[in-house]
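Peer 1: Here is what each chain is made of, one letter per residue.
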Amino acid sequence: MGSFSSPVSSTGTLMVSLLDRTPSLPSGTRTRPNNISNAERRISFALGVTLVLAGANRGKLTGLGLAGLGSALLYRGATGYCHGYQLLGINTAQHPPSTVISTKQGCQVECSVTIAQPAADLYAFWRKLDNLPAVLRHLEQVAIIDEQHSRWTAKGPLNIKLTWDAEIINERQNELIAWKSLPGSLVDSAGSVRFTPLSHDRGTVVYVNLRYNPPGGQVSDKLASFFGLDLKSQIEKDLRRFKSLMEAGEAPNVTGQPRGK
Amino acid sequence: MKAVCWYGKHDVRVKEVPDPQLLNPRDAIIRVTATAICGSDLHLYNGVIPMMQRGDILGHEFMGEVVEVGSAIENLRVGDRVVVPFTIACGKCFFCRRKLWSLCDNSNPDAATARMLQGYSGSGLFGYSHIYGGYAGGQAQFVRVPYADVGPFIVPKELSDEQVLFLTDILPTGYMAAENANIQPGDTVAVWGCGPVGQFAIQSAWWLGAAQVIAIDHVHERLEMARIQVSAKTINFDDQDVFATLQELTGGLGPDCCIDAVGLESHGTAPDAIYDRVKQSVYLATDRLHALRQAIYCCRKGGTVSVPGVYGGFLDKFPFGAAFGKALTLKMGQTHVHKYLEPLTKRIQGNGQPGFDPSFIISHRVPIEEAPEAYHLFNRSKGECLKVVLQM
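Chains as they are written, first to last, in this note's numbering: chain A, 1 to 261; chain B, 1 to 392.
This is chain A alone, in the form it adopts within the complex:
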């Protein structure tokens, strides 16, 4: 999942330091973004404490219910993360567009999948970058300009599209492909894919690392919703689908089958 951290939260500070690392030192992905404003957190915490005490005092089933509700409010107040908000896509911690946020914002995803195919086959598929939209479904198109350069278009909610140019910055046959957006791009993006063969005929591990940042420090609402909080789970699904395509020759599918009305 991507995240949009507020520098004021301690989790935010941790996220900032993680994002500081270069792509060659992969950081973990963050799963608990701060999505509650500070004022709301204070209220939530205070209300939570009150309800827990009231519940403990009252006892019985209703008391348990009150204490339960109170602990939930305590939790979201203390951590700044509300699962309910997450599910509803609400984020009261967001700042209005006019505020400039630190450049350390964006999302980074890393995940891997083991595929029972030789590294060479997987590399060959991936190196033909215009194949990527068939795998990574947040990409609408990757057009090849020349051996090193390509134009990428990503699509987001509400038909929003982002386009940028990228170049291959590193490659080792059957092992590694790394690419980066050109300076001045609308999106500061980098990605790499590694292919590591396993012993005992177990196939190849495909390790993908993708990063999307807004350039220059200007917060972009479009980017925030674009490379949304569920990019990691989306890419995990994409990689599993890639695995099915490479192993079974097709992705499992039930869309279009009959059912009763």
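Hints were generated in silico from the structure; no laboratory data involved. Backbone N, C-alpha and C define an ideal beta-carbon position, used for all residues, glycine too. Each statement offered as a hint is correct.
With a straight-line cut-off of 25 Å between C-alpha atoms, the simulated DSS-like cross-links for lysine-lysine are: (1) LYS128/A / LYS92/B; (2) LYS261/A / LYS2/B; (3) LYS128/A / LYS180/A; (4) LYS382/B / LYS233/B; (5) LYS9/B / LYS261/A; (6) LYS15/B / LYS261/A; (7) LYS9/B / LYS382/B.
Each pair of labels, with its calculated beta carbon distance range: (8) LEU315/B / ALA46/A: 40 to 46 Å; (9) LYS99/B / GLY63/A: 54 to 60 Å; (10) LYS317/B / ALA56/A: 28 to 34 Å; (11) GLN53/B / LYS60/A: 38 to 44 Å; (12) GLU158/B / LYS237/A: 45 to 51 Å; (13) SER381/B / ARG58/A: 45 to 51 Å.
Chain B: place on chain A using the hints.
Peer 2: Same frame as chain A, but now just chain B:
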């Protein structure tokens, strides 16, 4: 086409639905000639399995004639008569290559729920909820079969539909249960549950060298079938103390191998069974497991408990201390049907000897239009109804 569709607890209907289409290059379309209702379909009927949607087509035991093949299929031609395993397997992943077809990586198109429940998802299944892929099932006139170069098995012309239909699920399930029980020559095998899987597990136990096979149930007709058709000694747990009787029959040792062919919705009136039923009725997703508890308790030290299932959620009060203290081996899992198609077909053919005819378990043959009544009967009366075959 006509199809048996799920509409809620105790609500299945035969509906007119569109014919299936080829969706992937490795698909085939089968015209169904025979299909059965499985005991595990009753879990769907009783609303015990979550993630069913109104209109889902049921059925995972089916066979028929190939009517269309996808562009990547070379092993099947239109007109071939096939049985289709209920587990869907790609044949190419880590698991399929190790003959663990029911654990296929590539046949569950929406594995999120299974991953959440289990960590990793097993294979997709026909007609068995969106946990297992949401595939339209085979209680219908036509079925779309994915990975048709792996699943469908061409059956010998001289064998009737009723002789081979159960290769799709319950016969391999009973056989694998017996295989998993690690039966050695001279062993005593105790089988809980005399439904079709139990009957076939008992028969398979003999094939695998058991010296004594004991069947445990409380439905009189099923115990009689076990005694007459597959030569088991029987214990009715309503009338007899199972542990004590097994002790008598094994000279105090206990059975070497125990098979739980009951799975979830296991009955029993002992306090633990009632507790289970209460919890399940408030949907706390706890499987009832009276038979499994008993099997663990009764098994001899160092023995094997084999669990063909079906289990779905969590267990309460699982006697793990007893299992540990007696150093039991527990083997379980969804059937790797593909592994057993050829050897079991040979058993049915006989090859010079009298073949094994599994059709003795069929108690009812009804036209597909009467499927809702059949489900109702099957659910209500296990004595009267053992296996329902739907005719097209």
